[in-house]
Each structure stands twice: as structure tokens, then as C-alpha cells.
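Asker: As they're listed, the protein sequences go chains A and B.
According to our numbering, the first sequence is numbered sequentially starting from 1.
According to our numbering, the second sequence is numbered sequentially starting from 1.
Some clues are possibly wrong.
Okay, the calculated bits of chain A under chain B, using three or more residues with CB under 8 Å as the criterion [what the hints assert, rightly or not]:
no. : segment
1   : 35–44
2   : 105–111
Beta-carbon label-pair distances, calculated as ranges [stated by the list, open to error]:
no. : chain 1 : residue 1 : chain 2 : residue 2 : range
3   : A       : K14       : B       : Y51       : 43 to 49 Å
4   : A       : S5        : B       : I109      : 31 to 37 Å
5   : B       : K42       : A       : T31       : 22 to 28 Å
6   : B       : K102      : A       : P8        : 25 to 31 Å
7   : A       : P40       : B       : Q80       : 25 to 31 Å
8   : B       : K42       : A       : E87       : 21 to 27 Å
9   : B       : D58       : A       : E87       : 35 to 41 Å
10  : B       : D78       : A       : N70       : 30 to 36 Å
11  : B       : G59       : A       : S73       : 32 to 38 Å
12  : A       : K41       : B       : R77       : 24 to 30 Å
13  : B       : Y71       : A       : K14       : 45 to 51 Å
14  : A       : H7        : B       : S20       : 35 to 41 Å
15  : B       : K67       : A       : S73       : 34 to 40 Å
Non-contacting residues of chain B with respect to chain A, defined by C-beta distances greater than 12 Å in every case (computed) [claimed, not checked]:
no. : residue
16  : S8
17  : P14
18  : A17
19  : I18
20  : D55
21  : E57
22  : G59
23  : R77
24  : Q80
25  : D83
26  : S84
27  : N95
28  : L98
29  : V108
Just so you know, the hints here were simulated from the structure itself, not pulled from any lab data.
Every residue gets a Cβ at the ideal spot worked out from N, C-alpha and C, and that includes glycine.
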Amino acid sequence: GAVVSQHPSRVICKSGTSVKIECRSLDFQATTMFWYRQFPKKSLMLMATSNEGSKATYEQGVEKDKFLINHASLTLSTLTVTSAHPEDSSFYICSARSPSGTTDTQYFGPGTRLTVL
Amino acid sequence: QKEVEQNSGPLSVPEGAIASLNCTYSDRGSQSFFWYRQYSGKSPELIMSIYSNGDKEDGRFTAQLNKASQYVSLLIRDSQPSDSATYLCAVGYGNNRLAFGKGNQVVVIP
Numbered sequence: 001g002a003v004v005s006q007h008p009s010r011v012i013c014k015s016g017t018s019v020k021i022e023c024r025s026l027d028f029q030a031t032t033m034f035w036y037r038q039f040p041k042k043s044l045m046l047m048a049t050s051n052e053g054s055k056a057t058y059e060q061g062v063e064k065d066k067f068l069i070n071h072a073s074l075t076l077s078t079l080t081v082t083s084a085h086p087e088d089s090s091f092y093i094c095s096a097r098s099p100s101g102t103t104d105t106q107y108f109g110p111g112t113r114l115t116v117l
Numbered sequence: 001q002k003e004v005e006q007n008s009g010p011l012s013v014p015e016g017a018i019a020s021l022n023c024t025y026s027d028r029g030s031q032s033f034f035w036y037r038q039y040s041g042k043s044p045e046l047i048m049s050i051y052s053n054g055d056k057e058d059g060r061f062t063a064q065l066n067k068a069s070q071y072v073s074l075l076i077r078d079s080q081p082s083d084s085a086t087y088l089c090a091v092g093y094g095n096n097r098l099a100f101g102k103g104n105q106v107v108v109i110p
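Just chain A, with the same shape it has in the complex (with noise of 0.2 Å):
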């Protein structure tokens, strides 16, 4: 069980546009998702909170305009990084929050790589 599907896994863009990742939690229902981006050799840094139903809770710094959070339903979040630039090149991984045991176990998709040229 908790498994986290993420589409596409990797991806290559040119500067300007916009690119749309996709968090499914496969066998649970998720009120809440997690998006993190980690750059090479550097550990996961948090970038916001996804809730089904209302706004996206955004980490101090991370710009909500650019980094489009959506949680239309209890298996899909998506991120959307707009007028993406080469210095957003980083992996991007969910995570959704376990629904058994405690409250913040957090089981993460398999990420995507996302290049801009």
C-alpha cells in the first residue's frame, strides 16, 4: 500500500514555458501532498503544502505564481512551474501522507527530473 505515482519522470523544456507534474496517490485517498525540489548532491527542500480543496500552503521564498499548485481531488496534485527558466532545472518529488499510522508519514513518488534549456 501508500504507493505514488508521478508523471512525467523526466522532462526537457525550452525557456518560457510552462510545464504541468502530476502526483497520483495510487491506493489511498491523500488530503494532503507535499512538493519538494532537490538540486544535485543536496538534500529535499520543502516548497509547499497541497491541500484537496483549498489553496496550496507555500514555503517562506518559494513563489506561488511561478510554481502553480493544484488538489483537485484525494489522488491528484499537480505542479505547474510557469515561464520556466534553466535555474528551475532540479528534481521534483511529492509526497502524500500516509492515511494508517501516525499522521505525518510521508511515502514519496518516484520524482521528475525537469530540464530547462
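Starting from the structure of chain A, add chain B where the hints point.
Answerer: For chain B alone, coordinates are given in the frame of chain A:
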């Protein structure tokens, strides 16, 4: 942003030996602690969670928590080459969020 420190450099251990990883955290109010394993180019996978002071064992892994010292550790017994990865310490804080350490790379030498 809450601070989670994993200061050890890469750890090389011979196959069959014990690997020991340490982590300290800044938020004294944190109540949940996790160890994740991350292979190169992949996303983290949960190994252990611990919430109470003391030891928690799961197979070859043992997590140890000392809230008074704000310290959590992970022991890997009978290390295998497949254990070679980066191990991330994560600490829970407000609104179910996690703060991650930078990770410790473990290399198990056959």
C-alpha cells in the same frame, strides 16, 4: 526552516559490518522522526520511523532516539552492498511537514 544536521562525510563499511549514522535537530518540540534511503537518481523510500525515546528495531535496521539530546541515529547491521545509498534523516514539525538533513552517503564494500 527547521534545522536537521547530518554532518558525517561519506561512510565506507565492509560487507557484514555495522554502519552507524547520526542526526541532530533544532526543534525541541518535534515528536516524529524518520530515516529515508535514497539511491542515486531516485526518490527517498521510508526505512524507519520513531516517536519515543529508546531503540526501535526492524530487521537489520535499528533507530535510536534521545529527545533530551535532540539526537536520532540509525544502525545498519550486517551491511550489504545493496545498502549503498544516501540516508536522509527527517524530522516532523508543524502541519505534518518534514525537514530533511542533507544526507549521509554509505558505501558498503564487498
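Asker: Could one say that the CB atoms of K42(B) and T31(A) fall in the range 22 to 28 Å?
Answerer: holds (26 Å)
Asker: So G59(B) supposedly isn't at the interface. Is its beta-carbon more than 12 Å from every beta-carbon in chain A?
Answerer: holds (17 Å)
Asker: Taking the beta carbons of D78(B) and N70(A), is their distance inside 30 to 36 Å?
Answerer: About 46 Å separates the Cβ atoms of D78(B) and N70(A), which means 30 to 36 Å is violated.
Asker: Beyond 12 Å from every chain A Cβ: check whether that's true for D83(B).
Answerer: Non-interface label on D83(B) holds, nearest chain A Cβ at 19 Å vs cutoff 12 Å.
Asker: Report holds if the minimum CB distance from Q80(B) to chain A is greater than 12 Å, and violated otherwise.
Answerer: Fine: 22 Å to the nearest Cβ keeps Q80(B) off the interface.
Asker: Could you tell me whether the CB distance from Y71(B) to K14(A) stays inside 45 to 51 Å?
Answerer: Holds, since Y71(B) and K14(A) (Cβ atoms, about 47 Å apart) stay within the stated range.
Asker: The hint says 21 to 27 Å between K42(B) and E87(A); measuring C-beta to C-beta, is that right?
Answerer: The hinted range 21 to 27 Å holds for K42(B) and E87(A), with Cβ atoms some 23 Å apart.
Asker: Quick check for students: does the CB of E57(B) sit more than 12 Å from each CB in chain A?
Answerer: It holds; E57(B) is separated from chain A by about 17 Å at its closest Cβ, greater than 12 Å.
Asker: If you count the residues of the segment 35–44 of chain A with a beta-carbon closer than 8 Å to a beta-carbon of chain B, do you get 3 or more?
Answerer: holds (count 3)
Asker: Would N95(B) pass as off the interface with chain A, using Cβ distances and a cut of 12 Å?
Answerer: violated (6 Å)
Asker: Mind checking the hinted window 24 to 30 Å against the Cβ distance between K41(A) and R77(B)?
Answerer: holds (27 Å)
Asker: Beyond 12 Å from chain A, beta-carbon-wise, is P14(B)?
Answerer: holds (25 Å)
Of the hints listed earlier, those the structure fails to meet are numbers 10, 27, 28, in rising order.
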